[in-house]
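**Q** Sequence:
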Amino acid sequence: ANFPGTRAFFSHRFEDLNVNGTAKLLQDIKQATGLKVKCNATFGKARRLVEKRITKHGELPDDYIQWMNQYVDWEVESRIGYYRRE
Numbered sequence: 442a443n444f445p446g447t448r449a450f451f452s453h454r455f456e457d458l459n460v461n462g463t464a465k466l467l468q469d470i471k472q473a474t475g476l477k478v479k480c481n482a483t484f485g486k487a488r489r490l491v492e493k494r495i496t497k498h499g500e501l502p503d504d505y506i507q508w509m510n511q512y513v514d515w516e517v518e519s520r521i522g523y524y525r526r527e
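If you're matching positions, the sequence shown starts at 442 in the numbering used here and goes up one per residue.
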């Protein structure tokens, strides 16, 4: 970033910090500024979202479910509450 008083720009979304925690953000700030981190990173809620299964599914054709299960990255999708159907 080329602004007075600014050393770097990081585009961290609140949703990502909420799910994944703040460790990456703190590491980025430390690396850009050289300052020592004086706080603890928060843990993300990704595990809780998977367990909670926040998404309710409607009926879908079996061939569509098979296609989705083959091509979707369910590890990533589980971070926002989606899960694989059998």
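No wet-lab data here; the hints were simulated from the structure. All of these numbers come straight from a predicted model, not from anything done at the bench. Ideal Cβ placement from N, Cα and C applies to all residues, glycine included. Check the hints yourself; a few may be wrong.
Pairs of lysine-lysine, DSSO-like flavour, derived with a Cα cap of 30 Å [stated by the list, open to error]:
hint: 1; residue 1: Lys486; residue 2: Lys465
hint: 2; residue 1: Lys465; residue 2: Lys477
hint: 3; residue 1: Lys465; residue 2: Lys479
For each label pair, taking beta carbons as the anchor points, the in silico distance ranges come out as [said to hold, decoys possible]:
hint: 4; residue 1: Glu518; residue 2: Gly446; range: 33 to 43 Å
hint: 5; residue 1: Gln468; residue 2: Thr447; range: 27 to 37 Å
hint: 6; residue 1: Gln472; residue 2: Phe444; range: 17 to 27 Å
**Q** Look at each hint and say if it fits the structure.
**A** Hint check:
1. Lys486 - Lys465: Holds. Lys486 to Lys465 sits at ~15 Å (cutoff 30 Å).
2. Lys465 - Lys477: Holds - the C-alpha atoms of Lys477 and Lys465 are around 14 Å apart, at most 30 Å.
3. Lys465 - Lys479: holds (15 Å)
4. Glu518 - Gly446: 33 to 43 Å: holds (39 Å)
5. Gln468 - Thr447: 27 to 37 Å: Since Gln468 and Thr447 have Cβ atoms about 18 Å apart, the given range 27 to 37 Å is violated.
6. Gln472 - Phe444: 17 to 27 Å: Given range 17 to 27 Å: holds, Cβ gap about 18 Å.
Hint 5 alone, counting from the list given before, is not met by this structure.
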